[in-house]
Amino acid sequence: MGSDSHNARGQVRVPRLPPELELAVFQLTAWFHPEMTHTLILVCKRVCTWVEPLLYKVVQNNSTGSEDRILRMMTSKPPEYLQAHVRHVALINFIDRRDVADLLSTCTDIEDLAIWTPGDTYPALLDDMRHLTRLRHLSINIFDLFGGYSRFQLPPVEQLPLSLVNLTHLDVFGTPTAELCPFFGMLSALTHLAFSDIYMPLLMQHALDTCPALQVLVIVWTQSDAHEETPETPEITDPRFCTVFCTNFNEDWEMGAWDGEDFWYRAEAVIAAKHHREIKGARSSPCSTV
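Residue numbers for the sequence shown follow full-length UniProt numbering, so the first one is 1 and each next one is one higher.
One or more of the hints may lead you astray.
Unchecked claim - Calculated lysine to any residue pairs in the SDA-like style (CA-CA distance at most 25 Å, straight line):
id : residue 1 : residue 2
1  : 77        : 125
2  : 280       : 202
3  : 57        : 71
4  : 57        : 108
5  : 274       : 243
6  : 57        : 83
7  : 274       : 177
8  : 77        : 123
9  : 57        : 165
10 : 57        : 147
11 : 57        : 199
12 : 274       : 162
13 : 274       : 247
14 : 280       : 234
15 : 57        : 254
16 : 280       : 238
17 : 77        : 147
18 : 57        : 162
19 : 274       : 262
20 : 57        : 133
21 : 57        : 151
22 : 280       : 266
23 : 280       : 259
24 : 280       : 250
25 : 77        : 133
26 : 280       : 254
27 : 280       : 247
28 : 280       : 260
29 : 57        : 265
30 : 57        : 16
Hints listed in this document are in silico derivations from the structure and should not be mistaken for laboratory results. Everything numeric in this text was worked out from a predicted model, so none of it was measured.
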């Protein structure tokens, strides 16, 4: 009598998992090991269908030739496919403004956008970003977005695109000025605000005072690490304020895009620990008696 591992013809029976378990295994593998996705899509047609969308979940042009990948993506996949799957985009190297406009008008379900193209943040991006009604995370030179030193103009709140009004996380870099103060109070959904390598206590205190939903305001030091001295921040005592280190911003952003522990996570942990110490201190303080 043949063993259970062989069929009636004596052929070896290849064990098969239930389809839903197969799906979970391959998708989790691709999720936690994105570098394996190109290999996994070659396994078979059904696996390709399951994991190929993860190739488009996180898109960035941070190395030589990867910009071509973005342009190839725009021409090799139909717009509805890109709209359904592209969620996180970081533009790091230069990319033509027309291609940026095409990208943002096609991938309209982007939730997380970083525009770090050096010296190429411009007011026309505001119109390009109007398509992104699901945008919640933004990293950008916000001062240049509104015109910079030469033609700064902050629109009234009713003219701001929903892509800005609905932000929950905003990372500001560059050199903001006091002219930006009114802007932060316009962001009624903003819970997390970061400034990269900037300490402007008056501007930051104004944001803490005027952002109705703000829970975290963090300075991200990218030019130093925890073993080096950083500027002191004695002027701000608000418990929602903290500083963290981030020596590789690109990798940190990608980690967050894959639901890992990015600088936002670390800032939340610092503030939670601060809150815990305050509660513990209050409970351990002796009660005053009359």
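Each hint tested on the structure:
1. 77 with 125: holds, 24 Å
2. 280 with 202: violated, 30 Å
3. 57 with 71: holds, 15 Å
4. 57 with 108: holds, 13 Å
5. 274 with 243: holds, 12 Å
6. 57 with 83: Holds, at about 10 Å.
7. 274 with 177: violated, 29 Å
8. 77 with 123: violated, 29 Å
9. 57 with 165: Distance of about 24 Å is within 25 Å: holds.
10. 57 with 147: Given that 25 Å is the threshold and the Cα spacing comes to 31 Å, the pair is violated.
11. 57 with 199: violated, 33 Å
12. 274 with 162: With Cα atoms ~33 Å apart, residue 274 and residue 162 exceed 25 Å; violated.
13. 274 with 247: holds, 23 Å
14. 280 with 234: OK: residue 280 and residue 234 at ~23 Å, within 25 Å.
15. 57 with 254: holds, 11 Å
16. 280 with 238: Roughly 18 Å separates the two Cα atoms, so the pair holds.
17. 77 with 147: Status violated; Cα separation ~34 Å.
18. 57 with 162: holds, 22 Å
19. 274 with 262: holds, 19 Å
20. 57 with 133: holds, 17 Å
21. 57 with 151: Since the Cα atoms of residue 57 and residue 151 sit roughly 35 Å apart, the hinted pair is violated (cutoff 25 Å).
22. 280 with 266: holds, 21 Å
23. 280 with 259: violated, 30 Å
24. 280 with 250: At roughly 37 Å apart (the allowed maximum being 25 Å), residue 250 and residue 280 break the hint.
25. 77 with 133: Status holds; Cα separation ~22 Å.
26. 280 with 254: With a Cα-Cα distance of about 35 Å, the restraint between residue 280 and residue 254 is violated, given a limit of 25 Å.
27. 280 with 247: It is violated: about 32 Å lies between the C-alpha atoms, which goes past 25 Å.
28. 280 with 260: violated, 29 Å
29. 57 with 265: holds, 20 Å
30. 57 with 16: violated, 29 Å
Hint violations for this structure: numbers 2, 7, 8, 10, 11, 12, 17, 21, 23, 24, 26, 27, 28 and 30, all remaining hints satisfied.
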